[in-house]
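Protein chains in written order, with this note's numbering: chain S, 715 to 1021; chain X, 715 to 1021; chain A, 715 to 1021; chain R, 715 to 1021.
Some hints here could point you the wrong way.
Identical chains blur together in the list; that is why a pair holds if it fits in one copy or across any two.
Unchecked claim - 20 Å max Cα-Cα, derived PhoX-like pairs, lysine-lysine:
no. : residue 1 : residue 2
1   : 747       : 913
2   : 910       : 783
3   : 939       : 746
4   : 939       : 913
5   : 925       : 910
6   : 900       : 939
7   : 768       : 913
8   : 945       : 925
9   : 992       : 1006
10  : 783       : 992
FYI, nobody ran anything at the bench for these hints, they're computed from the structure.
Protein chains: 4
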Amino acid sequence: MNAAIRASVRMTLARGVEAIGIYSGYIGMLDKKFQSLQLRDMANIIQRGGTVLKTGRCAEFLRPEYRAKAISNLNDAGIDALVCIGGNGSFTGAHLLWEEFQFPIIGVPGTIDNDIYGTDNTIGFDTAVNTALDAIDRIRDTAAAHDRLFIVEVMGRNSGFIASSVGLAGGAEEIFTPDIATTVEKAVERIKNAQKRGKTSSIIVTAEQQKPGRAYDLADAIRKKTNIDAKVCILGHQQRGGSPSAADRILASRMGAAAVEDILNGYCDVMIGTEGAKLVRVPLQAATQNKKEEGGDLIRLALLLAT
Amino acid sequence: MNAAIRASVRMTLARGVEAIGIYSGYIGMLDKKFQSLQLRDMANIIQRGGTVLKTGRCAEFLRPEYRAKAISNLNDAGIDALVCIGGNGSFTGAHLLWEEFQFPIIGVPGTIDNDIYGTDNTIGFDTAVNTALDAIDRIRDTAAAHDRLFIVEVMGRNSGFIASSVGLAGGAEEIFTPDIATTVEKAVERIKNAQKRGKTSSIIVTAEQQKPGRAYDLADAIRKKTNIDAKVCILGHQQRGGSPSAADRILASRMGAAAVEDILNGYCDVMIGTEGAKLVRVPLQAATQNKKEEGGDLIRLALLLAT
Amino acid sequence: MNAAIRASVRMTLARGVEAIGIYSGYIGMLDKKFQSLQLRDMANIIQRGGTVLKTGRCAEFLRPEYRAKAISNLNDAGIDALVCIGGNGSFTGAHLLWEEFQFPIIGVPGTIDNDIYGTDNTIGFDTAVNTALDAIDRIRDTAAAHDRLFIVEVMGRNSGFIASSVGLAGGAEEIFTPDIATTVEKAVERIKNAQKRGKTSSIIVTAEQQKPGRAYDLADAIRKKTNIDAKVCILGHQQRGGSPSAADRILASRMGAAAVEDILNGYCDVMIGTEGAKLVRVPLQAATQNKKEEGGDLIRLALLLAT
Amino acid sequence: MNAAIRASVRMTLARGVEAIGIYSGYIGMLDKKFQSLQLRDMANIIQRGGTVLKTGRCAEFLRPEYRAKAISNLNDAGIDALVCIGGNGSFTGAHLLWEEFQFPIIGVPGTIDNDIYGTDNTIGFDTAVNTALDAIDRIRDTAAAHDRLFIVEVMGRNSGFIASSVGLAGGAEEIFTPDIATTVEKAVERIKNAQKRGKTSSIIVTAEQQKPGRAYDLADAIRKKTNIDAKVCILGHQQRGGSPSAADRILASRMGAAAVEDILNGYCDVMIGTEGAKLVRVPLQAATQNKKEEGGDLIRLALLLAT
């Protein structure tokens, strides 16, 4: 996130325009947490995890009167346009500000889940995958030394992008995601077959799905059907922090700068996305109202290679 | 572990003696999983997590007839002395092999928990603490960006050495360990005071204690008393793997080599321990029958500095 | 590399075909270093740096009689087709084996430099960039604490892909690559301007270009013109090793598997490349005879944002 | 360093005393770069490399009139006592401030070289060793894949503590330090013997000694005598930065807090050191006028185990 903020602020200043930061997202719009940002404020932050502008959820923003209040605050502060870095929730609010008040706004997709329609990649995804992968590499050391089955739960409430990438990169023997149907029965059968071939340790990667803890349910189901006592690891919030990867910093820098250039050129109500190596503009409504589908290719490849 | 195995094997060969590896610990003694090890087998393993000799729990070893079987197998294989790398359970078995059969055996303390009496440090502890610390640094990024309270559960079933080291090094605001009594009430009071002073994010580190999941109980208790919705992270088995730290590799190399030299010089039924920078010999019985006490100094310092 | 080898071998075996590894590249073809590879040989290698098949340069392969010898050895060993993982040199040899002997061969681009025409990414590039970035983050700590100028030399003999990616992601104030002309004069002017604005520390990233050590020449030139005593860091071969990033493991798995599928389907004399998210086939001759151009976009963005 | 600053400041405030930071070391004393520090200023810095107070060399401090000026500035600012974090140079200055002006001052040993007499460990050493080790692990991947000899130069101008620790932990086949005499001839002989036994790759670790670049001289000498073309890696300043290890943060927290407690209790002109697990006080003059000897045990063990 910080790399995107840095790029937006410095590109704004490079164009001779004042840059104002809004703290804690929509909460900050309602509470007037505005602060003028200078070149120096952006020094030495590109390598830091988290966000210097903080973040927060704002249930009130669903109600029109609060959005009107936000616009009024923005006008009072002399803010003419917004770059909004976030996920589906943030973009839904952003689109409403444009639709209801014609307030110029551009979205930059920042979420570790990579579940935003219209862009190949979102900021934070590559870092989260690498962090989870590092944990899986460590767990594999123990799995191999103890001849054990591990179930590792990664983030991804409604999407399996982290799970499928981590599963392929980590050499997982089984991957569970919300979209791609693998039954516990099939998984159990595969584990039993692997054991017959002499394979003594395995790692199953699962997306957290509806709520954290799904890995425990899986472990129970496997225990009942196989007598195998799987160990559970829930990676949790460590996937959200940490110094960002090179790919994420580059993506964030490009997107943050492009958002500012676009808005100064009059583009509004769009999200900056990637399509291969290129940056593209996607209507905010398209981004929020369509579901990005996992093809399942990575999972199929992962299972084939982990035989 | 691998660094200790490498050091033992190469020191043995350097002394002109054959080195034989026993796979999966005591299970391997019963199942005759013996293998002659050469210099080349130890190449390029010092940096790897886990153990090339695998490991395993062996409940049967508690019964004398199985220990007799193990000794018989060792004799058949021409094995004259043992270096046993492990924790309290392994050392209890090791001491019995000496007591009952006068089989020469020396212990090397290898456990991430650092809970072995008679040695300042055990192999694996420094690596586990650094791994947990890395996770906490990442979590702190999110805690700070979201102004949230996190409860991070680290390993340490009967001991708080990991929790207190990680807590101090990670700047935790509260630390729960089995030995040092901090009540939930006191923790809640400290959190409330910190909030009054404007502090908006905190991290609590807790040892897992009786069973993994203690962090959830803590979160419930805090929720009831403060309305604060703490997020829970359970670091789990990732703490056991990963490339070992420099300090662990050096400790393991020194201990593994010293164990071999000592046993060739006729020492038996002792564990190699550290006392400051020096290596010392500790009777195995003393190591297993005494409890290593946490002094609580690190925790007191951590709480004072995290004000 | 190991992830690509694992994918090729396991995909081959999954198709019911024998997989044979050739050690040390073309040297191994001449010396008959062939070995049949099984599923188990590929276990637990996806996370390792380096290559289990080793590598080597083979000057003799430039001469036709040695290539004939290689083909004769391949035929004797019952090898019908080759997957060749490497860079421009390897592909030049591969194309000749097809052109001269119609030996079926497919290339997989594996080089940290990312300088192969016809593919957006090569295996190893993302890992090398992240490794160099990690070093730069550390150096920035010292640069900031000491108010100093550092010149960091990264790999990239004839190409600036690593330098420009690392430079943007690391917040470098200046980037020197073989293709994009920045003069020492301009760099000095920018450094002086930054100092006037109160900026006290800077990092310059340079590709090694013709030979390692270019950074020392740059430091000399800067010292003469500014009296600033820049510190030099040459990252060197550490950029080539280490556990691969998630993106590299995924890319390698996809490419290695696709190469096998393609060759079994009759495709020859092509390289597997990427174009955005898709895999594509590129004639080997096109890959080796064209130069992949750096656009300079990353560098321009890096300089603008590092103001 | 930041962990020691945090501990000193917060312990000072916990004792009800004002804490004032001096920026850039002795330069700051002369230039009156003093700033009152609060609890909040120390938030979220324990995990950062470098130092928030910056650092700097100050040649003028060798002259008495400048030291008098410094004392005058300290008195003007109402500063009554100093905690000085640094190495031999800093402590020499510190001792003079006490000797000449009876200004209360306590030293905390902060240098990556670990070359300060009177303490087992200095702050930063463990982090630097782990950083160098990480680079060596990466280089070993390449050394093994290419069957090559690498010479890795680590920091340590007048001392070999980093080199011997990194050498042992990294499995280096040869280690050169200022104190322990290994001749190039012996090294060459060992390398040749290893090659005869079939060993094809090796790593030599050398301390930089008089000036960075010594590794190039070694490579030249080896080339002349063996025809082996060793690759050179100079790790350089990356060893100085990066997020500190757990052991360093704990050491720094303990030392920083103890320094403040001691000075408030009237101790002066001493350095806080470690002796095993305990903290001790060492007269500053003893710390600066004695040379800490490397015993050579680590190197002897490293060479024996790397056979």
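Taking the hints in turn, this is what the structure says about them:
1. Taking the shortest alpha-carbon separations for residue 747 and residue 913, only the inter-copy value of 17 Å comes in at or below 20 Å, while the best intra-copy value is 57 Å.
2. For the homomeric pair residue 910 and residue 783, neither the shortest alpha-carbon distance inside one copy (65 Å) nor that between copies (28 Å) is at most 20 Å.
3. Neither within a single protomer nor between protomers do residue 939 and residue 746 lie at most 20 Å apart by alpha-carbon distance, with minima of 57 Å and 31 Å respectively.
4. In the homo-oligomer, the alpha carbons of residue 939 and residue 913 lie at most 20 Å apart inside one protomer (18 Å), although the nearest pairing across protomers, at 49 Å, exceeds that limit.
5. For the identical chains of this complex, residue 925 and residue 910 are neighbours neither inside a copy (34 Å) nor across copies (32 Å), given an alpha-carbon limit of 20 Å.
6. Proximity of residue 900 and residue 939 under a CA criterion of 20 Å is satisfied intra-copy only: 11 Å inside one chain copy versus 45 Å between copies.
7. Taking the shortest alpha-carbon separations for residue 768 and residue 913, only the inter-copy value of 14 Å comes in at or below 20 Å, while the best intra-copy value is 46 Å.
8. Proximity of residue 945 and residue 925 under a CA criterion of 20 Å is satisfied in both settings, with 19 Å inside one chain copy and 13 Å between copies.
9. Taking identical chains as interchangeable, the C-alpha atoms of residue 992 and residue 1006 lie at most 20 Å apart whether they share a chain (18 Å) or sit on different chains (17 Å).
10. Taking CA atoms no more than 20 Å apart as the test, residue 783 paired with residue 992 passes in neither setting, with 37 Å inside one copy and 46 Å between copies.
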